[in-house]
Amino acid sequence: MTNYIIRRFIVAVAILFASIIGVSLLIHVVPGDPVIMMIAQNSNPSPEQIENMRKALGLDRPVWEQTVIYLGKVLSGDLGRSIFGSQSVAMLLFDRLPNTLALAAAAMVIATGIGLPLGFFAAYRQGTWIDSVLMVGAVLGVSIPQFWLGLILLLFFSLTLEWLPVASGDYRSLLLPAVTLGVTYSAIIARMTRSAMIEVFTEDFIRTARAKGLPEALVLRRHALKPSLIAVVTIIAVVFGYLMGGAVVVENVFAWNGIGRIALESINRRDYPMIQGFILVFATVIVLISILIDLAYAWLDPRITYR
Amino acid sequence: MAADTVRPILSIRDLRVTFQGGLGLAAAVDGVSCELQRGETLAVVGESGCGKSVTALSILRLIPSPPGRIAGGAIEFDGRDLLALAPEELYAVRGNAISMIFQEPMTSLNPVLSIGTQLTEGLIFHKRLGIREARERTVEMLRLVQIPDPEARLAQYAHQLSGGMRQRVMIAMALACEPRVLIADEPTTALDVTIQRQILDLMVELKERLGTAIILITHDLGVVAEMADRVAVMYAGKIIEQAPVDGLFDHPRHPYTRGLMAALPRLDRLSASGEEGRLNEMPGLVPSIYAMPPGCAFAPRCPFATSQCHAEEPAFEELSPGHYAACWEAGRLP
Amino acid sequence: MTAARPAAGAPLLEVRDLAMHFPVRRGLLQRTVGHVRAVDGISFALAEGETLGLVGESGCGKSTVGGLILRLLEPTAGSVLVRGRDIAHLGRGELKPFRREVQMVFQDPYASLDPRQSAGAMVAEPFAIHSLAARGEIRDQVARLFDRVGLRREHMQRYPHEFSGGQRQRLSIARALALNPRLIVADEPVSALDVSIQAQVINLMTTLQRELGLAYLFISHDIAVIGHISQRIAVMYLGKLVEIAPRATLLAGPLHPYTEMLLNAVPIPNPRLKRKHQRAVASEVPSPLNPPTGCRFHTRCPLAEARCRSAEPVLREVRPRHHVACHLR
Amino acid sequence: DTIIYARPQDADSLDAHKVSTTISFQVMQQVYNTLFSLDDKGGIHPGMAEKWQVSDDGLTYRFTMRDGVMCHDGSTFDAAAAKWNFDRVTSPETASPNGSSYGEVASTAVEGKDLIVTLKAAYSPLPAFLGGVLSIMMCPSAIQGEDVTAVGTGPWKYVSWDRNNELVLERNEGYKNVHPLIKNPGAPYMKRLVFKTIPEGPARMAALRSGEATFAEPSLADAAELKNDPEYKVYTAPLSGQQAYVAFAHKIPPFDDPRARRAVGYAIDRNACVDIGFQGLVEASACPIAPGLVGHDGAKCEEWGTTYDPDKAKEILAELGYGLDKPLKAIFSVSQLQGWDECHVIIQQQLKEVGIEAEIETRQFAAWVDHMSKVNDMTEGTPTIWTMGMSGVDPDYLVFLWQRPGYANQGIEDATLDGMLREQRALTGEARTAKLLDIQRFLLENGYEIPLFSPGWFWLSASKSNVDGFIQIQVAMPLFNDVQIKE
Amino acid sequence: MAATAPPYDPTNVAAEELPRTRWWRRTARNRSIWLGGVLIAVLAIVALLAPVLAPYDPTKLAAGKRLSPPSWEHAFGTDEFGRDIFSRVIHGTQLTLYVGVVAVGIGLLAGAAIGIGAGYAGGWVQAVLMRGVDFLYTFPDILIALGLVAFLGPSLTNAMVAVGISVVPYYARVTYSVVLVERNKPYFEAATAIGAGWPRLVVRHLLPNIVPPLIVVATLGFSAAVLSAAALSFLGLGAQPPAPEWGKMLADGRNYIARAPWILVFPGLAIVVTVLGFNILGDGIRDVLDPRQRREVR
Ligand SMILES: Nc1ncnc2c1ncn2[C@@H]1O[C@H](COP(=O)(O)OP(=O)(O)OP(=O)(O)O)[C@@H](O)[C@H]1O
Ligand SMILES: Nc1ncnc2c1ncn2[C@@H]1O[C@H](COP(=O)(O)OP(=O)(O)OP(=O)(O)O)[C@@H](O)[C@H]1O
Ligand SMILES: [Mg+2]
Ligand SMILES: [Mg+2]
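Protein chains in written order, with my numbering: chain A, 19 to 325; chain B, 5 to 338; chain C, 3 to 331; chain D, 268 to 754; chain E, 185 to 482.
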């Protein structure tokens, strides 16, 4: 097992490196450069001054050279400093990462908290009108734009009910963004759960459990839930990355201070070190999550062993 | 043994089970009646799809619903009608007074729960044992079904056991609460002869020790011959012949039963003669339950069928003491 | 027919020292942590028009032998010769004609049929692949095959789930017959069927053999069925052949303790013959991942001696045409 | 006693030499001061410096520092501190985007209370720039290595900063005001000033309505509504110095022809943009130089340039061979910004009415600049019309825009224009104003630039009506010294 | 019961019909196909007949008073330019369907190809493809979109390509897991044994069996695709003003959420109805494609 985890980590690191190199090359071919953005709003330098700024930031070197320099720095643990205001990339990202992770985790909890029971219930009542209503609900869930749901919730809770502040930045205001994100993904999870459960319901071992005299509720909870979770976990793994991506929108709506906002801003103004740092952190989270998910598999399904 | 003097432990009367399929409503079991005495082994044989499993599942009300429905009849266990029980009462019967072993040992155990969990939960639920006591009792059961190193097995999962061991675990699970009736639905079909032999031996031994009555569903006439006291032959949702085992093998009265016996490749005869030949096959197939013929369901395949057979359903009659059959021509068969 | 031109005197099928060790891969990097010795060095031959029964416990490697003969698997060692020609060296182009000579009826009649293909399409597929018939004629050919295996022509529109078990098995046989093969590897063709259907299928297979001169490698764990259909019987245990002999010889006088055990275990459908057999001790088949040393059967053998634990017996001809691998015989 | 100012973005840094975004300056303007200050006519008044003298050749400036300017850490802001600012911002290592506002500095020196700056070329806008936010001066103690601690001389002191969330300032109790537009002579009335980042417009509005924010930038949609609501006040940065305009890839036919460019000018009704796109909250402006800056003269600009006259546009286009039945197909290259988006749609519609089918192509700003740099250099291809805006405390930005190569290569390769742009830098007073008018006349008559409106970005804010004393100066900088909230 | 029974035929499960007739009958009897089909057909008609159906020119400014709520003249109200939202929604149908279908199509096709390739080939091909998917997965869609503008320039089509690429990992992973299950089923080996080459194995055997689960996944992906394409419009990708694409209408109208909610509600509803239509139709198609007519995998 330890062996397996170590090997997974090696592959993970390889993917991270590939991502960094990929993103470094990509951002340099993308039109626009940070110097233009630095001077975009108020200053009006001469062409020579612009050249000087490029040189000072090392942007005059060939792309591959910049990439190699960056990789060297990353290996020595230095993620560099933002081109805009020169704050430390690592400090900022690691400071904000917990917020995004908290949001993603809370959203995931809500998504599974809503999606799992609903999918479970729809499966149990398969083919009835309840099932149909839940399916339409799922479609609504994925079709509602996150910013829209987010704003509606925000306006309702902060203006109409005056229960929550618009932007407190603390954990009180985790609820709404998490709900907003969670709703979309709960719909997907509900559908996956439903189909997984329906398959499990037809399994022989469910009949065995019933034949044993266990009450129906216990049969479902103990015997049907865990096997269907395996399929659900797969979809959770896939969804998590999109959820992290979706966090960008929701962080903006709720002024939630996560890395998603940094990402959007940095990309908009070509803050290369910041983008690279973001990708590094984002990719690390994604890769770690997939490792975690694989371990969750082994925990859920004893037939799966890693050695 | 005088069957009518002792009150049967289980009696099924006129059971009718229907399925709502894409092609309409169909009766998978259509008027089955039979009785099971204490300590007796009743074998149920019949072609695939004739309703053996559905009958067995009906006893514990395990018919998947929808699409299935128990549409009529009564199942009395120890004087109580199982079909009228409230859910809680039913749970108390299932796995406790009546338990069941299924055909597929591979899929009938939950792959993600440990053997121990699955074995103890019945005991904890029915006998209100503590976890420790339940484990002790379970270990004892596993020892009884000859599983080596039972303590260690409790922590294992189904996939870590071989097919034979899984089936033994199923048996241990079924017997844990010392049921008075054991329904075994093709318990050895999926197993090899050598393993099958072990399982059958085990069932005989357990029956002797615990006095359990067994309903043994199988289509292997060899198994029937070795295990059963009495045999019921089913065809297309009905029991068409029922007799003590010797009587049935000596003198089958229904043409279908005869066909079945003849179709069997028999090692005992082969090894004696050493010559090969065609097996006696019955032409045709079991009718689809969605398109039952009028009259005797076997008539279209029956070499002895008369016009009466095609028009009228034969009655289930006692032809000799304890030997019943449903055939217009039973008396005239060679 | 270009491939596999008959070499003079060569048997239809010859298997020499065939072995298949499945690597057991684990983990993400899929490293090999061991081998399942599913088939571990077996040899036998099969003549034109003959039926060889292959019997043995579940997991002993029967299906693997079948797969190797059809080259669905690449053997670890040994060779399979069809009419004297080693199929291991067939290139892409030569494989197709070979497939026309050797066909397989798969173990599970339901699972081996594509659930989304109609019966007609399924049986027509070999014609299309091998361009055996013009487009317009395929339907006729398929219809003729349906007649031959006792299916009705209307059945061509049905999907596998709409057939009974026996009909599905007929369908598999029809598909195998489409290519007009000389040898059919029948992997447990009747073990999923009940007796009356089983009789129908076995009769069908014998009829076809008589009419078309087919040879069968008939795989089963039911020795009664094997005994009925085969001319010779081979007994497998844990990837090894332990005994091979003509049917009557083997049934009348099995030499290997395992064969004996197998025969003993078969329930006899005669209640008066309830035998007083000794209670079998619950013994488990050892894992092919880690087979016992010496004679592989020694862990379960009532007669095992010290040498059985250390030395591996070889298959010897102890009586005419009766081979057995046991130190004690 | 706390002012909360809700904005869509957070400052990048408080290092005045490293960033030049409006959003950063809005904070720095509170913490730091400039050497001079500007009034609403562009007049230059004392700031941290009392006065300046310039040599006749315009190359040497002597700035006399005011006494008793105290940094927040207790040190005095003297000529040496000012020199430190000059040196750091103009050093190539700093890579400062703001270095250009200091001109081409050759050397600096301190003489008692005086800072002496020698330039390589005459640069008359220098004092004006030193009164603008681009030339904000930090106390030298603000910079320790790579870290910035925002030590300044301004009315507010730095307290804490949770990036992207809130930046907290408290009043500088000892502050003495000299800015002509600020009435409060001493420290601000309010105790704390908090800049809060709330990216989404409706969320900012919610914060304003719920009282969570004292000031917020509303969306245009909301601003129009608030304006009619007596409970709220809407502020529109009258001195922004911002100017939005339409221009062309002027080497690609037919827009290499002044007539074609002017035809576009006649087709555009800048008032429609203002009324519909901006809900009447900005002013139409016909000059390349923004209102409030030296050289802006609305009447003259209208005379030289184009005003809405679709018939005239059609006429010219017909001359050039285009018409409603044979439309001129062009690309309208823009980048996204609120109000502008609406304006673009309106312009597109107006162009269509005279026979120009312009397809809107939106790009992210950075990509837009890159794209325009290429298109502006092309001599053939799809005719391209585009919009942009410029701001400043001094019209000198015309050099940056129109001298070749110019920002995003829009510079015109014309010796006369280059000469005029260079000359205005050496002139002062009336002479400079006249030169600036000449430059604008050139741009307008040739149809190089079609001015639209002012202001255009970071210009809108709102508060409840019980808030008093909020002003916005050049470059849309807010000032909070006079702010008071009535209970 | 006996009286009404049909003439007896032991093997006659259902009257034998030609496959095509049967297929049609099953299709015709399927309620989901009808409901979903009618919805989508209506959308298609609306898309095609937009100029006829729409009461106003969708881009005409000041067709009515600005920001007027739904009324008789303007069923869905007007937007900030006074454009008729009803007409815009109608005209947007074609564009939005195009965006959603193409984006999902790209993601699905590429994802399925990768998933099939990896699942079918196994070995190093599998390792390379699936690691490639992991790699792609670490890029946020906005970066992918930016990269695409860099190479292909800004356009609506490229926006869809970008969205399509960003969802490739999703479809690839789902496909891969299904393929693994299917290719290990015995029927696959059976097809090999009769000599089928890989194109036949993939096209005739693998595809029909993996399509149904993918249909479900893809129909849910439609709205996500439309919404993310709209979110990319500020990069210069996606529909350009004044095109009435629904996702873009939603994105542009967000500031009016409190003041004129109808600007957002109607395009939003249009998306919901479309997704619902595709979902229901997808369910129906899946049922019809599955000869077993099980209603299991959703
Ligand atoms: N869930 C179900 N839905 C529809 N029909 C069913 C269902 N379960 C059983 N049936 C039908 O009921 C009939 C009897 O089935 P049953 O399982 O009792 O047969 P069996 O005698 O046990 O056969 P086997 O020997 O194959 O186990 C069959 O025709 C079968 O198709
Ligand atoms: N692809 C494979 N990879 C690894 N192990 C395999 C593979 N195929 C078969 N085995 C193993 O090889 C052994 C022999 O399998 P095989 O299927 O040949 O047995 P069999 O005799 O046909 O059994 P049964 O009667 O159950 O069909 C088993 O232990 C099985 O687990
Ligand atoms: Mg059964
Ligand atoms: Mg096998």
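Treat the hints with care, since some could be wrong.
Covered, in the sense of this in silico footprint (three residues per stretch, anywhere, with C-beta under 8 angstroms from a C-beta of chain E), are these stretches of chain A [unchecked claim]:
no.: 1; region: 35 to 46
no.: 2; region: 169 to 179
no.: 3; region: 262 to 273
Derived from the structure by calculation, the hints contain no laboratory data. Glycine residues also receive a C-beta, built at the ideal position from the N, C-alpha and C atoms.
Hint check results:
1. Check on the region 35 to 46 of chain A: 6 of its residues sit with their Cβ under 8 angstroms from a Cβ of chain E, so the three-residue criterion for coverage holds.
2. With 3 residues bearing a CB less than 8 angstroms from a CB of chain E, the region 169 to 179 of chain A meets the requirement of three and the coverage assertion stands.
3. Counting residues of the region 262 to 273 of chain A whose beta-carbon sits less than 8 angstroms from any beta-carbon of chain E gives 3, enough to reach three: the coverage restraint holds.
Against the hints set out earlier in the document, no violation occurs for any number.
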